[in-house]
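Chains A and B, in that order, give the protein sequences. Each residue of the first sequence is one higher than the last, beginning at 1 in UniProt numbering. Each residue of the second sequence is one higher than the last, beginning at 1 in UniProt numbering.
Rather than coming from a laboratory, the hints here were simulated on the basis of the structure. Worth double-checking, as some hints may not be accurate.
As a list, the in silico EDC-like pairs of lysine to aspartate or glutamate whose alpha-carbon atoms are at most 20 Å apart [said to hold, decoys possible]:
| id | chain 1 | residue 1 | chain 2 | residue 2 |
| --- | --- | --- | --- | --- |
| 1 | B | K166 | B | E71 |
| 2 | A | K16 | B | E145 |
| 3 | B | K136 | A | E23 |
| 4 | B | K129 | A | E23 |
Taking beta-carbon pairs under 7 Å as the criterion, some of the chain A residues facing chain B (in silico) [said to hold, decoys possible]:
| id | residue |
| --- | --- |
| 5 | G4 |
| 6 | F5 |
| 7 | P6 |
| 8 | P11 |
| 9 | V14 |
| 10 | S17 |
| 11 | V18 |
| 12 | S21 |
| 13 | V24 |
| 14 | C113 |
| 15 | W115 |
Glycine included, each C-beta is placed from N, C-alpha and C at the ideal position.
Below, each chain spelled out in residue letters.
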Amino acid sequence: MAPGFPLFLLPDNVVKSVFQSMEVVEQMLLSMVSMRTKKIVCSLNFPSRKISLGTCAPCELEIRFYSIIINVVFEKSEKEDAERELLEIVRPERVRFNAARKVNYGIVESVSCQWENGTFKVRDYIDHFMEILNHDKIDE
Amino acid sequence: MTSPASSSEVKYLIESSEGNTFDVSGAALRQSNTFNAMFLNIGADGPIPFTDYNEATLKKVFEYCEHSVNEENYSGPKHQDDLSKWDLNFFNEMDQKMFIDVINASNFLDIERLTSYCCERIARMLRGKNTQEMIKVITLPTAEELEAKQKVEEKKAAAAKKVAEKAAETAEKTETLEELPVQQLVQTTRNKLTRKYLSFSNE
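Here chain B stands alone, though its shape is the one from the complex:
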């Protein structure tokens, strides 16, 4: 069941790469700027396809969002030493693969707080190390790995386009809002996502 977000009681259906769906509260989803740009004002008709990420990863990301619903608005990076016990447990219980998946999903969903904490956590891996030790910590990628990364970026751009199309489709079905602002919103979102991913690919 999905509907326009106006209260924290609203639930949205999220679709993962496995094709499974699960619901997430509107309050948690509103921490995602990607979601805000596309669905906040128009609602979603059917599940929102975040099909580039598996269910476990998405649930982990939204577990964080659900937990931080009542925290103050994000106001910039917080030092890891200031993280709560819950936050530390959240990060500590992830293995490296899950951690990387969470960063990627959080980055795509543009959840500033979570992405920032993940980045800070990686930065801490290098604290107090000299250059030789740094090289051991951050494994430098091979040409093949960089090529694979490029393909992933392209795949994500396609996924972003798919989500934007879903928003466009929903906007067309939404009769309660005036046509022009919705169309502008969808077009703006589509342009924004396309620009974001094209800029990654070109760097």
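Excised from the complex, chain A in its bound form:
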């Protein structure tokens, strides 16, 4: 099949079914691709239970629901990383995304990826995840 697939030219109910067929990690990543994908992911009504923000290094957002734990880690350059305990990150250079699913008393499945950040600030990421998770506050 050709590398590019015109997903959004399919009927809207089919597009929604495609999103529902995805793993949570892919749904969350896809929500960051465009406003349209974000809107669809919002409509999936994620059952998030807890969102916490780590303010010490590494600066990260932890999202928990059911057996899945997602960590969104905001990183600056290596140099600043060495002094990271004093680091205040407003706009990260890289974002790392780790998702782990607990299966049978242990973590047996994990997925991770990272990307170079564009203009998004940490605050934008927090707002984004709170919105798609229909969560109105940071729990910790």
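Once you have looked at the hints, place chain B on chain A.
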């Protein structure tokens, strides 16, 4: 030759966009909820016009339905890894255009099993990819393409109306069933299809 569906031996004539007709077994057609809502109990007088889809696409869709006639009733999405060799061959031998046509036809005919497998297959294209790679996989549409999609949705709503009218016409000719339930069935189907396509257009 078409007649009310009561056994798997019954054949229905299907008309494609080219105006060609071919027959499909009642058992295969019953996997289509659209068909069930319109023709199952009243039968069809003449070919059923699915004229928004070409013959190759419809034959491909009904090839799947014929194959899965003996499978258990659909009970929700099945993981792609659980698909049979036949299923995998069925999907692998399609090019992208045919695959998209099959999804659209399957969605219109409301064949849950096939639509669900197609969706799962698309979802798999994005598995293990980061956001940059996802953007490359799902080509984001231009404003013109979205406008064209809107027109297609409107065209499909018109096609759904045409099929519903055909069902209504058939119902009127059917003398074996009581008038009121048939009229209710046709009206319900027409309303359902109109609602379905209007809701797509409005989203």
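**Hints violated by the structure (listed by number, smallest first)** = The structure breaks hints 1 and 13; every other hint is satisfied.
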